[in-house]
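Asker: Chains as they are written, first to last, in the numbering used here: chain A, 1 to 181; chain B, 182 to 969.
If you are wondering where the hints come from, they were derived from the structure by calculation, not from laboratory data.
Model, not experiment: these values are computed from the prediction.
A virtual CB, placed ideally from N, CA and C, is assigned to each residue, including glycine.
It is possible that some hints are incorrect.
Per the computed footprint, the stretches of chain A lying under chain B, defined by three or more beta-carbons under 8 angstroms from a beta-carbon of chain B, are [unchecked claim]: (1) 19-31; (2) 63-71; (3) 96-102; (4) 133-141.
Label pairs and their calculated CB-CB ranges [as the list claims (entries may be wrong)]: (5) Lys36/A with Arg679/B: 33 to 43 angstroms; (6) Lys657/B with Glu177/A: 50 to 60 angstroms; (7) Glu307/B with Val164/A: 52 to 62 angstroms; (8) Glu48/A with Asp937/B: 35 to 45 angstroms; (9) Lys588/B with Pro104/A: 38 to 48 angstroms; (10) Asp270/B with Lys36/A: 19 to 29 angstroms; (11) Lys941/B with Pro104/A: 50 to 60 angstroms; (12) Gln244/B with Lys36/A: 31 to 41 angstroms.
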Amino acid sequence: MGVTAEPWQTAEIAGPKKALLILKPEVVVAMVKRAKRPVLVVGHLAAEDYSDDIKMIDYAIRLSRTTGIPVVATAHMTTEFIKRGFQPAGWMPAMDIGNRLKDPEWKGLDGIGPYDLAMFMGLPYYMEFVILAGLKHFSANLKTISLDRFYDPHATWSFPNLPVKDWNESFETILSELGEK
Amino acid sequence: MVCLLAKKSLHVKAKELKTDVVVAKDLEISFGRIFEETWAEAVGPTPFPSITDLRQWDLRLLQRYKPFYLPFCDVCCLCTFGKCDLTGDKRGACGLNMAAQQSRIVLLACCIGAATHTAHARHLVEHLIEKYGRNCPIDVGGVSVEVEAPVTRLVTGIRPKTLQDLEDALDYCEEQVTHLLSATHTGQEGSNLDFESKVLHAGMVDQVGMEIADMAQISAYGLPKADPEAALTEIGWGVADVSKPVILVIGHNVPSAVGIIDYLTDKGMYNAVEVVGICCTAIDMTRYSPSMAKIVGPISWQLRYIRSGLPDLIVVDEQCIRADALVEAQKIKTPVIASSPKNCLGLENRTKSPAEEIISDLVGGKVPGALILDPEKVGEVAVETVMAVAPKRKKFKVIPEIEEIIKAAQECTQCNECMRACPNNQPIPDAMKAAAKGDLNPLAEILENCVGCARCDSACPNDFPLHSFMVKAGEKSLTEEKFKIRVGRGAIQDVEIREVGGPIVLGEIPGVVALVGCANYPRGGREVAEIAEEFAKRRFIVVATGCAAMSMAMVKDEEGKTLYEKYPGSFEAGGILNVGSCVSNPHIAGAAIKIASIFAKRKLRANYEEIADYVLNRVGAVGVAWGAMSQKAASIASGFWRLGVPVIVGPHGSKYRRMLLGRQDKEEDWYVYDARTGDKVYAGPAPEHLFTAAETKEEAMVLIAKLCMRPNDTTKGRAIKLTHYIDLHRRLYSVMPDDVHLFVRNKADIPITMKDEILKLLEEKGWKETRIPDPTLLPRLIRKRKGE
């Protein structure tokens with residue numbers, strides 16, 4: 001596994017505070033287990049990347065089914081989830097879910113209470129970059145994880161830039177450790 | 182008599198003055214300029230508003246549409262205290278926090294945009310006064326357009342009749358931009374919301390500046406005057422007859438292009454030279470001469486066209502021109518004439534040199550270009566130079582041959598640096614892998630999504646000209662690029678407003694969609710055409726300007742027709758209108774203002790807040806800047822926000838650093854006053870946002886339909902709007918929207934074909950009927966207060 005903490009888009013430099021690197025998939029497992037109110041935000045690229053065989057959306061569905069973590073589909077991703085027989089917990093534009101996650105008073109999709117962990121995948125890199133920046137600066141009680149295979153420095157935790165194969169193996173490990181059957 | 186004072190001085194001199202109380206000799210008195218006042222309408226509350234006069238209105242908007250900041254950078258480096266880390270709740274050495282810093286950066290961007298348009302207008306007005314005289318009348322539509330300057334009238338309270346009157350409004354714009362820019366200095370404004378208010382002010386001022394520029398050029402150059410049947414002209418990479426010498430103009434400010442066309446006409450040479458353009462200068466020169474001028478394409482076509490070697494001479498004016506235009510031109514041995522003081526390119530100022538000397542130097546290759554700040558001289562030098570240069574150049578190009586590309590591809594190390602530099606993350610390494618095996622199709626496909634930035638070239642450690650590889654790969658389809666575009670028509674006629682004002686305000690025409698802005702598209706320009714056609718088919722009114730207007734033209738249907746050939750150019754349901762260039766955007770704002778003024782008879786003069794309140798609550802208009810890139814696009818958008826028109830940008834627009842988002846789940850944010858009674862009435866989240874970035878074309882389409890809803894919609898109008906929203910949502914998202922209940926005020930709002938389904942949904946949501954108010958956010962507009 002590569003360990004480079006460089007943003008995928010070369011000029012998207014962030015800091016001083018930058019995402020901690022997920023060097024082992026067990027970090028994600030621990031974060032998910034520790035979270036009381038996690039949520040998974042899935043953008044439209046999850047149905048396109050990374051190859052003909054491996055789609056992020058399939059991992060999102062497996063992660064949600066394994067853990068019960070609610071999925072928020074952005075853009076037109078509901079169509080892709082429904083095609084795969086999965087009903088996301090909610091759908092809204094990426095900007096709207098970002099704006100709500102920033103708000104410590106927001107009660108979440110189910111009206112129970114604010115989320116403490118937001119995981120992102122499948123948004124355009126630069127869009128996820130700025131939304132995560134908004135959350136880094138303006139949501140004190142929220143941890144974020146970028147589950148894409150690119151380093152996103154504004155998350156709390158992020159994978160480094162990974163080859164598809166490594167990312168795939170990491171996700172299989174995460175699902176296995178979280179008890180996927 | 183009502184007088185408005187502006188900055189131009191009025192001097193009164195008297196050799197000798199005798200009155201009952203004074204005797205004076207050589208008396209000289211100076212006044213601010215007094216307008217000759219024949220406008221019967223009384224001056225409204227905010228003539229020439231200062232940067233705080235409309236602050237209350239701004240704060241009302243910002244109370245509902247709160248900023249969501251998206252810091253692009255964690256530090257501030259604008260003064261020598263810095264860099265300051267503003268992460269989280271930290272403050273910089275000056276005391277500023279991250280929210281204020283982000284809004285400060287937005288204000289800087291909008292000041293740049295407003296200054297650019299205002300300076301553009303100033304240059305045009307001065308040039309046109311010099312050419313046509315101070316008393317050249319303002320005429321943007323003859324008898325069809327009596328409200329010739331809706332934005333200027335609304336903001337300043339003056340009604341310009343001649344070119345010289347425009348100077349007074351320009352003085353105002355320049356003063357305001359200076360004040361606004363000063364607020365960004367270290368130790369000035371400290372509140373993010375006050376920065377945001379100033380952003381809105383910058384946008385409003387920008388609208389005035391743009392309106393002045395377009396009014397001046399329409400009036401003096403005789404561009405189409407509110408003409409729904411403005412001529413069709415040609416657009417595309419392949420439209421030029423390249424057997425002739427080709428002059429390429431790039432930029433936004435048209436006098437130099439006019440100089441070229443006039444010179445060709447005067448010399449009877451109009452068939453000897455091809456004059457083509459990129460970006461808004463292209464749009465405006467086709468408005469001037471649809472028969473002689475042609476459009477290559479939007480801003481992103483610059484590099485591909487220059488490197489192809491087709492232009493024999495390049496004339497640049499101002500705005501959105503690649504900073505390396507001269508460098509690229511030198512590679513193809515093409516001379517460059519810079520014609521704007523804002524973009525001198527390091528060239529010697531030859532304005533006062535004899536034309537023959539400049540021509541000789543350019544033709545002989547003694548200099549790579551010249552700065553000429555005289556449009557007529559540009560015309561002469563450009564034409565005479567291109568006639569001599571073209572036979573020597575023989576269309577010399579720097580696009581490599583296929584064999585060179587394959588060889589380079591075989592040497593490619595697959596380092597991914599090109600892809601990491603690409604704004605759209607295009608799979609260039611994969612395309613190079615295919616090219617190494619002789620398959621150039623993937624490179625050609627990437628060109629379809631390419632914004633023409635060439636960051637891939639800069640990033641490549643092997644210095645491969647990757648953008649040129651793509652151009653070669655896509656060469657065949659580029660040469661076949663020939664489309665029709667209707668030239669910019671200018672303003673919307675008053676009579677058109679009278680005909681559609683009612684249906685728009687009542688909601689029966691479901692909305693006005695304005696496709697504007699630059700070409701920083703996430704997936705190529707065809708998405709703009711798809712959005713336009715979707716809404717034209719749905720009987721919305723679609724208006725367009727600038728690069729978006731061009732991109733919409735560059736798609737043909739199965740019968741080979743473009744949107745401009747298929748849909749009417751009038752401001753009516755199902756119309757697709759090219760209004761003009763960037764500076765034509767105020768005709769769109771002006772249409773909304775004229776609906777309030779002409780249709781609803783609201784007072785227009787210096788009455789900004791009331792008209793904006795009207796537009797926000799009644800006029801279902803939405804701006805879409807799918808490829809928004811520039812600071813000008815930022816200020817154009819902010820001018821629409823203050824007027825109550827929501828704007829959607831494409832995903833790259835998220836880099837503007839903040840959105841203005843409503844929260845439909847916060848019921849308390851969506852109450853309005855019923856102007857009939859003074860009651861506060863829940864009106865639903867309409868429009869839900871003032872500024873947001875959509876991730877995909879599909880999301881944008883659903884948002885457009887939703888953001889066209891307004892509190893004032895009649896039940897019939899709301900049912901029509903809901904039909905479009907629900908239909909698009911179902912088709913693109915495969916599910917029913919989960920917020921329909923927020924937009925149904927009573928059962929008559931429900932689209933008849935969906936009644937059972939929606940009634941069930943309303944029951945599940947615990948929906949309660951509300952009444953339809955006469956909506957306003959302004960207590961002073963309540964006609965009868967409670968208890969009266």
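Asker: Each hint needs a verdict: does it hold in this structure or not?
Answerer: Hint-by-hint comparison with the structure:
1. 19-31: Contact hint for the region 19-31 of chain A vs chain B: violated, 0 residues under 8 angstroms.
2. 63-71: violated (count 0)
3. 96-102: holds (count 5)
4. 133-141: As far as the region 133-141 of chain A goes, the hint holds, because 6 residues have Cβ atoms under 8 angstroms from chain B.
5. Lys36/A with Arg679/B: 33 to 43 angstroms: violated (60 angstroms)
6. Lys657/B with Glu177/A: 50 to 60 angstroms: holds (52 angstroms)
7. Glu307/B with Val164/A: 52 to 62 angstroms: Since the Cβ atoms of Glu307/B and Val164/A sit about 59 angstroms apart, the hinted range of 52 to 62 angstroms holds.
8. Glu48/A with Asp937/B: 35 to 45 angstroms: Holds: the Cβ-Cβ distance is about 37 angstroms, inside 35 to 45 angstroms.
9. Lys588/B with Pro104/A: 38 to 48 angstroms: Roughly 58 angstroms apart at Cβ, these two residues miss the hinted range, so it is violated.
10. Asp270/B with Lys36/A: 19 to 29 angstroms: At roughly 24 angstroms between Cβ atoms, Lys36/A and Asp270/B fall inside 19 to 29 angstroms, so the hint holds.
11. Lys941/B with Pro104/A: 50 to 60 angstroms: violated (34 angstroms)
12. Gln244/B with Lys36/A: 31 to 41 angstroms: holds (32 angstroms)
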